[in-house]
Every structure is written in C-alpha cells, then in structure tokens.
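Chemist: Protein chains in written order, with the numbering used here: chain A, 1 to 366; chain B, 1 to 296.
Worth flagging that the hints you see were computed from the coordinates, not collected in a lab.
Idealized CB from N, CA, C, for every residue including glycine.
Any given hint could turn out to be false.
Said to hold, decoys possible - Facing chain B, from chain A, some residues (calculated, C-beta under 7 angstroms):
1. Pro-13
2. Leu-29
3. Tyr-32
4. Ala-131
5. Ile-135
6. Leu-278
7. Arg-331
8. Val-339
9. Val-342
10. Leu-343
11. Leu-345
To be verified - Beta-carbon label-pair distances, calculated as ranges:
12. A:Ala-227 - B:Glu-171: 18 to 26 angstroms
13. B:Asp-56 - A:Gly-119: 37 to 45 angstroms
14. B:His-90 - A:Tyr-309: 56 to 64 angstroms
15. B:His-90 - A:Pro-13: 24 to 32 angstroms
16. A:Gly-100 - B:Pro-132: 27 to 35 angstroms
17. B:Tyr-256 - A:Gly-119: 28 to 36 angstroms
18. A:Gly-229 - B:Tyr-256: 54 to 62 angstroms
19. B:Glu-171 - A:Val-197: 21 to 29 angstroms
20. A:Arg-211 - B:Arg-111: 46 to 54 angstroms
21. A:Val-108 - B:Arg-111: 41 to 49 angstroms
Single-letter residue listing:
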Amino acid sequence: MSEALLRPLRAVPARLYVWAAGTVLLLALPFYLDRFWLQAGLFAMAAAIGAIGINLLTGATGQLSMGHAFFLAVGAYGYCVFAADGGDGGGGGDGLTGLGLPTWLAAVLAVLVAGVAGGLFSPISGRLSGAYLGIATLALVFIGQHVMFNAHDLTGGANGRDVPPLSLFGLTFDDRELLVAAVPFGSAEKLWYAGLVLLLAGALFARGVLRGRPGRAMNAIRDHRIAAGVLGVPVARHRAAVFVLSSMYAGLAGVLLALVFQRTVPDYFGIVLSLEYLAMIVIGGLGSVAGAVAGAVFVSLLPQLLTRYSDALPLVSAPGTGGIAPGEASRYLYGAAVVLVVLFLPGGLVRVAAGRRVTTHPGEER
Amino acid sequence: MSTFAEILLNGVSLGSVYALIALGFVVIFRATEVVNFAHASLLLAGGYVTATLHDDLGFWPALLVGIAGAALVGAAVEFLVMRRYRGSDHSVLAIVTIGVDILLTTELTRRIGTDVLALGDPWGDAVLALGPISLAHTRIAAFVAAALLITAFLLAFRYTSWGVSMRAAAESAETAALMGVRLGRVSLGAWAVAGGLAAVAALFLTVFPTPGLERATSLAALKAFPAAILGGLDSTTGALVGGLLVGVTESLATGYQSDLTFLGRGLGDLAPYLVMVAILLIRPAGLFGTKEPARV
C-alpha cells in the first residue's frame with residue numbers, strides 16, 4: 001500500500017494501460033473468435049455476475065448459501081414466462097403460459113422476481129448464520145426442482161422451454177445475421193456486448209456496496225456479529241438485505257444464461273450448480289468482486305477447455321469412452337482447487353495475482 | 001387405518017436410518033464445530049465398498065469392510081485436510097468440506113456410472129405380515145440396527161473415557177486440551193465414527209424397496225441434513241428426533257401421494273425440506289439446539 005503511494009505517477013498509468021488493453025481486447029474478441037469460444041465466454045460472464053452476488057453474501061457477510069441454483073432458475077424461467085407469447089394467441093407454439101411483455105421489461109421483472117423470492121426467505125436468511133443457513137438454503141434447490149418439474153404450464157416440465165430472444169432498441173439478439181465490418185454477427189456476438197455491459201454494471205455496483213457503509217456493516221457482521229450489533233448495525237436486516245441483493249444478481253445471471261442457452265431445462269439448476277458457484281468464489285477469493293470474476297472464469301472455462309482439447313490431454317477422454325470425461329475432470333480440478341486454496345492460499349487467486357504477502361492471521365483472511 | 005399404520009412404521013424405520021446419518025453429522029459438529037457437507041459422500045463411499053466386495057467376501061464381512069472403509073475415509077479427510085487448516089474460522093472449514101465432497105462424489109459417481117449396485121443383503125424382498133399390516137424385513141432390520149447402534153453410541157458417549165473427552169472438547173476445546181484431552185484424536189475419532197455410522201445407513205438406504213446403490217443415493221443421504229438442523233446441530237437428541245420426523249413426513253407424503261396430486265409428483269423427496277423450513281421459521285436454532293449465548 002505504502003509503495004503504491006510513493007510512486008503514484010508510475011503505478012496509476014500502468015494500471016490504466018492494463019485496463020485499456022483489456023477493454024479493447026474484450027471488445028474486439030467477437031470479431032475473431034468462433035461461436036464455441038464466444039459461448040464459453042458468455043457462460044463465464046453469466047457465472048461472474050452470479051458469483052459476484054454470492055460473494056457479497058458468503059464472502060463479505062459470511063452467510064453460506066447452497067441455494068443459488070434456485071435463484072438462477074427463477075431468473076431464467078421468470079424471463080421466459082414474462083417474455084414469451086401466450087399460448088392462446090396462436091403465435092406461441094408450445095402452449096405454455098407467457099405474458100408477452102417487451103423482452104427488456106421481462107428481463108428486469110425476472111431479476112425483481114428473483115429478489116422477491118430472496119425476500120420471502122428473509123425470515124430464515126436474517127436469523128440463521130453461516131453454515132446453518134447453508135443447510136437451510138438446500139431446501140430452496142429441492143423446492144425449485146420440484147416446481148420446475150411439476151408446474152408444467154410455467155416451466156414446460158422436464159423438457160424445459162424455449163427462451164425468446166432479447167430485443168433492445170430495435171436490435172434483436174437472435175441468429176439473424178447482421179454484418180458488422182464484414183463479420184457476421186449472430187446471437188453470441190451480439191449477446192457478448194450485452195453480457196459485458198451487464199457484468200461491468202454488476203461489478204461496479206457491487207464494488208460500490210462493498211466500499212461504502214453497507215460493505216463495512218457486512219464485514220462487521222461476518223467478523224463479529226455481536227460487536228456489529230452493539231455498534232448499531234441492524235444484523236438481521238442487513239443479512240436479509242444482502243440475501244435479497246445476492247438473489248437478484250443470481251436472477252440476472254439466470255436471465256443471461258437462458259439467453260445464451262436459448263432453452264432452459266430443470267436438470268441444469270441442481271445442487272451441483274450451487275456448489276459450482278461456491279467453488280468459484282472460494283477459488284477466486286472470498287469477499288472481493290475481482291475474486292468472484294476470476295473464480296467464475298476459472299470454473300466455467302475449465303470444462304470447456306477440457307472438452308475442446310480432450311484429445312490432446314492425458315487421462316481425459318470423450319464422454320462414454322470409459323476414461324474420465326471432461327466434465328468430471330474439471331470437477332476433480334476445481335474440487336481440489338477449493339481444498340488447496342483454502343488451506344494454502346487464503347485469499348484466493350486474486351490475492352496471488354496482487355502479490356500481497358499474507359501477514360494477518362489466516363482465520364481473518366476469509 | 002392399516003395403511004396409515006404401515007406408512008407410519010415404514011416412516012419410523014426410514015427415520016431411524018436418517019437419525020444414524022444425522023448423528024454422525026452432529027458428532028463431527030460437536031467435536032470440531034465443523035459443519036460437514038461431505039457427509040453424503042462418506043455414505044456413498046461405505047455403500048460402494050460393500051457393494052463391490054459382497055460377491056467375493058459374502059455380505060457380513062463386506063459390510064464390516066465397508067464400515068471400516070468409510071471410517072477410514074472419514075479419518076483420512078480429517079487427517080489430510082481438516083488438520084492442515086491453521087485458521088480459526090469454522091465456516092471456512094465448512095467450505096473445505098464442500099470441496100472434499102465435490103472430489104469424493106465425483107470419483108464415486110464416476111465409478112458407479114449408470115449402474116444400480118446391489119449390496120447383497122440377506123433380507124431380500126421378504127415381507128412380514130402382522131394381521132393387516134405388512135412390513136418388509138429390511139425395514140425391521142433397519143430399525144433394529146439403528147436402534148442398537150444409537151443406544152450403543154449414546155452409552156459410549158456418556159460412560160466411556162472417549163465419550164467424556166469428546167463432550168469435554170465440545171464444551172470448551174481449550175480447557176479440554178489443558179486437561180490432557182488430545183483434541184486431534186477426538187476429532188479423528190469423531191470423523192471415523194461418523195463415517196462408520198454413515199456406511200451402515202448406506203446399507204439401509206439401498207436395500208428393498210429401493211433398487212440399490214446408484215448416483216441418486218447421495219441425494220437421499222442429503223435428507224439427513226434437514227434432519228440434523230431441525231433437531232438442532234449441537235444436540236444428539238435433536239438428531240434422533242429430527243431423523244424420525246423427517247422419515248415419517250417423507251413416508252406420509254409418499255404414502256398419501258395419490259391424495260396430494262395437486263402438489264405434483266415426487267412430494268416425498270421434498271417433504272423433509274419443507275418440514276425443516278417450517279420449523280426454522282418458528283425456532284431458528286432447531287428443536288433442541290442451544291440458542292447461541294452472546295458473550296462479549
């Protein structure tokens with residue numbers, strides 16, 4: 001910290017260059033990458049948004065949630081229900097409930113509904129702490145699965161339902177090709193930019209929350225609940241509020257995921273997904289926005305990388321051929337990463353990247 | 001009426017199996033203050049060992065090896081992972097167990113694949129008829145075994161020096177250590193016992209009427225989590241009551257499914273979680289859990 005203060009003239013521009021280079025690179029990628037990588041990148045962006053949300057809850061406030069798959073599902077299905085044309089109109093072919101709202105409004109409403117769902121859980125999320133809440137939120141995943149498989153009119157049951165493409169200011173994010181600088185733009189290319197904007201907005205908002213008064217209060221609750229209460233922090237209200245905010249992030253991630261997948265199926269939103277999000281924030285670094293993004297990129301790109309290069313890698317082989325499938329191999333890797341990071345790298349990947357030495361007691365690192 | 005009695009008895013039997021799992025979970029929590037999310041994978045490990053060995057060794061030796069195997073896996077997790085953590089924050093350790101769970105479950109489900117493994121139990125699908133009520137032998141065996149194990153465990157917990165040192169460690173780890181209790185051994189023992197109990201539970205979760213050990217068995221084992229938490233995580237009584245409550249509710253919801261079709265299919269799997277949420281709304285610390293005293 002003091003080193004950075006001593007040479008501000010050199011340090012700040014260097015950072016700026018990195019940011020500028022990164023921005024240009026991210027903006028230029030759709031012109032060069034093929035669809036596979038763009039989709040992988042979009043998954044990573046959606047995961048990053050969700051991971052930022054759960055990091056506010058688990059990393060900054062110390063409240064474990066194993067139920068985030070549920071809020072992702074609420075976002076994804078909420079968007080479908082609000083945006084799809086109603087079955088009786090004759091236009092919608094699948095006969096499922098749909099309100100036919102403008103798609104941008106549907107996306108906003110889906111995020112709000114995820115927030116409301118989180119709010120309904122507040123009697124529990126405000127009162128339970130840490131791992132207790134983790135077990136309680138398991139219920140959400142199973143309730144969600146039950147509803148998804150049974151509320152056929154809303155969710156299409158086990159087969160899931162199609163996701164109507166987003167359209168904004170007359171631009172539709174579908175596969176009708178649009179030529180930009182001689183590069184055909186399909187849904188992945190267009191969504192790439194939407195994803196970048198959403199991720200940036202989400203990251204900046206979360207950073208604001210963490211750096212301001214609410215962030216201080218959240219950290220105080222995590223580090224010493226009673227002291228926080230004595231200092232005048234309304235503990236239950238903050239816990240519930242963070243839970244709501246975190247579910248809204250998950251809802252937004254769900255909307256984006258649905259748009260990328262173009263179809264939502266209930267099997268995806270299971271307990272494994274919740275565990276994946278927890279793995280992301282632990283690997284990246286608990287309690288920071290950059291950590292959530294780094295972890296999300298790591299965990300969501302890993303299976304894609306292994307799938308793409310399964311021929312070239314030892315031990316990994318295509319699914320169904322007897323060896324370790326890429327999905328399993330990536331689970332081994334991030335499972336081990338979770339254990340190793342907590343034991344040996346408290347603070348996660350971002351801490352390593354920042355090159356800071358861990359001087360405090362590991363228990364306080366989180 | 002006879003169906004009701006049948007459902008109730010089946011529920012009690014199922015509940016006693018959940019109680020076994022929840023008990024192991026609570027033992028780990030009391031001894032080390034760690035919420036063990038890897039518990040379902042310990043159970044899967046015990047079941048898998050029994051399932052692969054029963055052809056060669058016969059059922060009873062295979063079961064013993066399975067119990068020992070799961071206890072060993074539990075002890076190994078404690079020794080190789082938990083003990084390496086130098087911090088003091090127990091919720092971080094809970095996250096470590098999630099990582100362990102991802103590793104173990106991935107490995108075991110990969111080995112099991114899409115198969116359904118039989119555990120070679122001697123009861124088969126025999127049914128005992130008591131007047132109008134008929135009960136599967138497996139359900140009776142489950143209840144008897146669970147009751148015996150739980151009684152033995154509670155007696156050991158109360159009267160043996162192992163039990164006393166574990167309770168002392170739960171009361172105040174620091175004082176216990178100063179009095180000569182070796183905390184490392186206590187937590188190693190807790191993990192091993194929890195693994196062994198989970199392996200027995202694995203047997204009874206996979207015998208008739210369930211088809212056998214498969215990937216989804218770990219989901220069934222997860223229901224012990226609500227059982228443990230609705231009873232109160234730090235209470236052995238709570239684990240027993242919670243287990244029974246969860247088992248009976250699940251059994252009732254499955255048994256009267258045809259009258260509850262408006263709530264959708266598969267309600268039995270959901271019921272334990274609904275009970276948990278309902279109880280946590282009224283008593284956040286669980287039925288028998290001690291409300292955290294606030295010391296400053």
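Chemist: If a hint holds in the structure, say so; if it does not, say that too.
Modeler: Results of checking the hints against the structure:
1. Pro-13: Check failed: Cβ of A:Pro-13 comes no nearer than 37 angstroms to chain B, outside 7 angstroms.
2. Leu-29: violated, 30 angstroms
3. Tyr-32: violated, 34 angstroms
4. Ala-131: Holds - the Cβ of A:Ala-131 comes within 7 angstroms of chain B, reaching about 4 angstroms at its closest.
5. Ile-135: holds, 5 angstroms
6. Leu-278: holds, 6 angstroms
7. Arg-331: This hint holds: A:Arg-331 lies near chain B, its Cβ roughly 4 angstroms from the closest one there, short of 7 angstroms.
8. Val-339: Because about 4 angstroms separates A:Val-339 from the closest Cβ in chain B, which is inside the 7 angstroms limit, the hint holds.
9. Val-342: holds, 5 angstroms
10. Leu-343: holds, 5 angstroms
11. Leu-345: Since chain B brings no Cβ nearer than about 12 angstroms to A:Leu-345, farther than 7 angstroms, the hint is violated.
12. A:Ala-227 - B:Glu-171: 18 to 26 angstroms: holds, 24 angstroms
13. B:Asp-56 - A:Gly-119: 37 to 45 angstroms: Since the Cβ atoms of B:Asp-56 and A:Gly-119 sit about 56 angstroms apart, the hinted range of 37 to 45 angstroms is violated.
14. B:His-90 - A:Tyr-309: 56 to 64 angstroms: violated, 39 angstroms
15. B:His-90 - A:Pro-13: 24 to 32 angstroms: violated, 44 angstroms
16. A:Gly-100 - B:Pro-132: 27 to 35 angstroms: Distance hint for A:Gly-100, B:Pro-132 is violated at roughly 56 angstroms.
17. B:Tyr-256 - A:Gly-119: 28 to 36 angstroms: Check passed, 32 angstroms falls within 28 to 36 angstroms.
18. A:Gly-229 - B:Tyr-256: 54 to 62 angstroms: Violated - the Cβ-Cβ distance for A:Gly-229 and B:Tyr-256, about 45 angstroms, lies outside 54 to 62 angstroms.
19. B:Glu-171 - A:Val-197: 21 to 29 angstroms: Cβ of B:Glu-171 to Cβ of A:Val-197: about 55 angstroms, so the range 21 to 29 angstroms is violated.
20. A:Arg-211 - B:Arg-111: 46 to 54 angstroms: holds, 47 angstroms
21. A:Val-108 - B:Arg-111: 41 to 49 angstroms: holds, 46 angstroms
The structure is inconsistent with the numbered hints 1, 2, 3, 11, 13, 14, 15, 16, 18 and 19, although it conforms to all the rest.
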